[in-house]
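One line per chain: the protein sequences are H and B, in this order. Read left to right, the first sequence gives residues 19 to 396 (this note's numbering). Read left to right, the second sequence gives residues 43 to 328 (this note's numbering).
Read the hints as simulated data drawn from the structure, not as lab findings. Be aware that one or more of the hints could be misleading.
Below, a list of computed lysine to any residue pairs in the SDA-like style, where the Cα atoms sit at most 20 angstroms apart [stated by the list, open to error]: (1) H:149 x B:127; (2) H:307 x H:244; (3) B:94 x B:52; (4) H:115 x H:215; (5) B:287 x H:69; (6) H:130 x B:127; (7) H:369 x H:343; (8) H:130 x B:261; (9) H:307 x B:61; (10) B:287 x H:240; (11) H:149 x B:328; (12) H:55 x H:100; (13) B:272 x B:328.
Some chain H residues near chain B, calculated using beta-carbon distances under 8 angstroms [as the list claims (entries may be wrong)]: (14) 274; (15) 380; (16) 382.
Quick look at which bits of chain B chain H covers, simulated, 3 or more residues with Cβ under 8 angstroms [unchecked claim]: (17) 134-145; (18) 178-189; (19) 193-201; (20) 221-227; (21) 247-258; (22) 275-287.
All values reported here derive from a predicted model rather than from experimental measurement. By construction, the Cβ of each residue, glycine as well, lies at the ideal position given by its N, Cα and C atoms.
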Amino acid sequence: MNLHEVYSKRIFGDYGIPIPVGELAKSPAQAQQIAKKIGFPVVVKSQVLVGGRGKAGGIRVAKNEKEAKQNAEDILNLTIKGLPVRMVLIDQAADIKTEIYLGITNDRAARKPVIMASAAGGVDIEEVARKTPDKIIKCHIDPLLGLQNYQSRDLAAGIDLPREHWREFAKIAHGLWEAFLESDATLAEINPLVITGDDQLLAVDGKMVLDDNALFRHPDLEMLRDTDVDQPAEVQARENGLSYIKLDGDIGCMVNGAGLAMTTMDIIKLFGGEPANFLDIGGGASADKVAAALEIILADSSVKAVLFNIFGGITRCDLVAKGILEALEAMDSKVPMVVRLVGTNAVEGRKLLQDAEMETADTLAEAAQKAVAAAKGK
Amino acid sequence: MSILVNKNTLLLVQGITGQEGNFHTEKMVAYGTKVVAGVTPGKGGEWVLNGKIPVFDSVQIAKDATGANASVIFVPARFAADAMFEAADAGMELIVCITEGVPVSDMMRVRSFLDQKSVRLVGPNCPGLLTPGEAKVGIIPGNIAIPGNVGVVSRSGTLTYEVLYALKNLGMGVSTCVGIGGDPVNGTDFIDTLEMFQEDPETERIVLIGEIGGTDEEQAAEYISKYVDKPVVAFIAGRTAPPGKRMGHAGAIVQGGTGLAEDKIKALQNAGVKVAEHPEQIPELL
Numbered sequence: 019m020n021l022h023e024v025y026s027k028r029i030f031g032d033y034g035i036p037i038p039v040g041e042l043a044k045s046p047a048q049a050q051q052i053a054k055k056i057g058f059p060v061v062v063k064s065q066v067l068v069g070g071r072g073k074a075g076g077i078r079v080a081k082n083e084k085e086a087k088q089n090a091e092d093i094l095n096l097t098i099k100g101l102p103v104r105m106v107l108i109d110q111a112a113d114i115k116t117e118i119y120l121g122i123t124n125d126r127a128a129r130k131p132v133i134m135a136s137a138a139g140g141v142d143i144e145e146v147a148r149k150t151p152d153k154i155i156k157c158h159i160d161p162l163l164g165l166q167n168y169q170s171r172d173l174a175a176g177i178d179l180p181r182e183h184w185r186e187f188a189k190i191a192h193g194l195w196e197a198f199l200e201s202d203a204t205l206a207e208i209n210p211l212v213i214t215g216d217d218q219l220l221a222v223d224g225k226m227v228l229d230d231n232a233l234f235r236h237p238d239l240e241m242l243r244d245t246d247v248d249q250p251a252e253v254q255a256r257e258n259g260l261s262y263i264k265l266d267g268d269i270g271c272m273v274n275g276a277g278l279a280m281t282t283m284d285i286i287k288l289f290g291g292e293p294a295n296f297l298d299i300g301g302g303a304s305a306d307k308v309a310a311a312l313e314i315i316l317a318d319s320s321v322k323a324v325l326f327n328i329f330g331g332i333t334r335c336d337l338v339a340k341g342i343l344e345a346l347e348a349m350d351s352k353v354p355m356v357v358r359l360v361g362t363n364a365v366e367g368r369k370l371l372q373d374a375e376m377e378t379a380d381t382l383a384e385a386a387q388k389a390v391a392a393a394k395g396k
Numbered sequence: 043m044s045i046l047v048n049k050n051t052l053l054l055v056q057g058i059t060g061q062e063g064n065f066h067t068e069k070m071v072a073y074g075t076k077v078v079a080g081v082t083p084g085k086g087g088e089w090v091l092n093g094k095i096p097v098f099d100s101v102q103i104a105k106d107a108t109g110a111n112a113s114v115i116f117v118p119a120r121f122a123a124d125a126m127f128e129a130a131d132a133g134m135e136l137i138v139c140i141t142e143g144v145p146v147s148d149m150m151r152v153r154s155f156l157d158q159k160s161v162r163l164v165g166p167n168c169p170g171l172l173t174p175g176e177a178k179v180g181i182i183p184g185n186i187a188i189p190g191n192v193g194v195v196s197r198s199g200t201l202t203y204e205v206l207y208a209l210k211n212l213g214m215g216v217s218t219c220v221g222i223g224g225d226p227v228n229g230t231d232f233i234d235t236l237e238m239f240q241e242d243p244e245t246e247r248i249v250l251i252g253e254i255g256g257t258d259e260e261q262a263a264e265y266i267s268k269y270v271d272k273p274v275v276a277f278i279a280g281r282t283a284p285p286g287k288r289m290g291h292a293g294a295i296v297q298g299g300t301g302l303a304e305d306k307i308k309a310l311q312n313a314g315v316k317v318a319e320h321p322e323q324i325p326e327l328l
């Protein structure tokens, strides 16, 4: 789950990391009021969960109240990479002398968090990693020990940070680690961490991504979820305990199991069709879940055929068949459907569907081919 | 001979009195697995499955009373790390964690701790292990595989079942099926399992089922080219998955240009592995 800059910085602030004085505004008038309170110059920053806000004109400096109000109005009317700007952060503008990158993420292959620092701050860190990887200093953090003092000293030395800033930098690095650890983040990033004109360190921008699997122990953070980044159907699916991702094609899929669901999408493509979605109904799917899933798939008007691929281990095929029939009765859809059921009670399940005159298939290849043909109107 | 589990495995079930634990224990017992104990803190002294299996308050007590040497965990995500720590601390040789949704920071801590002990963890977020005819540790249906000489290792659940079933329908049997699970940080990866299959006299051919996300398959490809001389056939799911989206499994995500299905397929092919275009093709490629 991605967190907006404003919330990420507030969390950083809670852990002793210096952040600019700033406040959220949802209207130009509010922006003007806040800017006046803070004092000029201010930066008006769109709050959207994508990169490249600056290039899209979503970050602007304002030198007076009129500019603050106008900038806010312009920015609140923007859509950046498909996301509408609903709020802006009004931050006191910093006098930036030097920009540093400081971030913590998980190194999956190493199975440890890794803290990274670079003197090339304020730019896309992935590009720095690609072009000049030696400019990034990395230290792996032991999951059981946490970030050690000698590690933050190594980072400071590695980026040639002037001695007088080492203590403050260490405090920020450790604050960032504590924030990362205690929020169950998979990324906590300050880019840029600046040295100001009067020689202070300041986190001018902040970003956090949280582990979805850990949100159960952070209900306060889960409340900050911005659902604009998710398709409405994805939100609905999540609420029903389903895993759903919208794609661009016209063949809807309902499958039990993530690997099998990905495979089903792949096979549709292999036989010349385009999948409309990824949908995993999980194990032991009940009739309600199947119905909810079908509703979400059919709500997508571009769907011209639906392929069900169910391998029943714990999941009973006859119950899935009942669920499909129940859902269809309630929905009255004319979209052609192909059902492939294998495993526990598959014979009973198939019989129920054949009695209802639904197209069935034995193999995955056969099911995909039938679905592709059905979508083409054959 | 198989790997990891066989008819001599003495299994205890953590979370045995929960819905999932109870349901699957019944199936494991029916398959012939020697389930000797269950653990649910606070329910020590009870019995499950009509008086067949004793329940204990802790893994240590259960182990001392029954000699259990392996554990399967059916405990909810918020308690799973604790269950894994407990099992390792009590001296279990093998821990299989079925639970999905374990926080990644928990798993990094579990791995760090377990790496200091000689215990093998499989999972989490996995269907477990199946050695046909001998032992079922987890939720892989017992009736979709027959004993044989193909070793199967997979990140998936039902996709694995498809492959086992396809093999069975052509009379091909399995030595052991290992579900390593769909999480980004887990107990056993492809290389760990390939090493065991390479050493196992009963395994003559290997099937590897991967998916997008991470670099486990690429690293496995390098390992195969150096150390595995048994034929390997693979299938990689997620060729059509969009970047940046978590496709169900926590570990199934293409990020920053890494973890793409094409890259995995290429790496495996370069290592001499035959990669199927769809899972039903696997038996003919073997």
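For each hint, the structure was consulted:
no., hint, verdict
1, H:149 x B:127, "violated, 42 angstroms"
2, H:307 x H:244, "violated, 25 angstroms"
3, B:94 x B:52, "holds, 14 angstroms"
4, H:115 x H:215, "holds, 5 angstroms"
5, B:287 x H:69, "holds, 16 angstroms"
6, H:130 x B:127, "holds, 18 angstroms"
7, H:369 x H:343, "holds, 12 angstroms"
8, H:130 x B:261, "holds, 18 angstroms"
9, H:307 x B:61, "holds, 19 angstroms"
10, B:287 x H:240, "holds, 19 angstroms"
11, H:149 x B:328, "violated, 42 angstroms"
12, H:55 x H:100, "violated, 32 angstroms"
13, B:272 x B:328, "holds, 11 angstroms"
14, 274, "holds, 6 angstroms"
15, 380, "violated, 10 angstroms"
16, 382, "holds, 6 angstroms"
17, 134-145, "holds (count 3)"
18, 178-189, "holds (count 4)"
19, 193-201, "holds (count 6)"
20, 221-227, "holds (count 3)"
21, 247-258, "holds (count 5)"
22, 275-287, "holds (count 8)"
The earlier numbered hints that this structure contradicts are 1, 2, 11, 12, 15.
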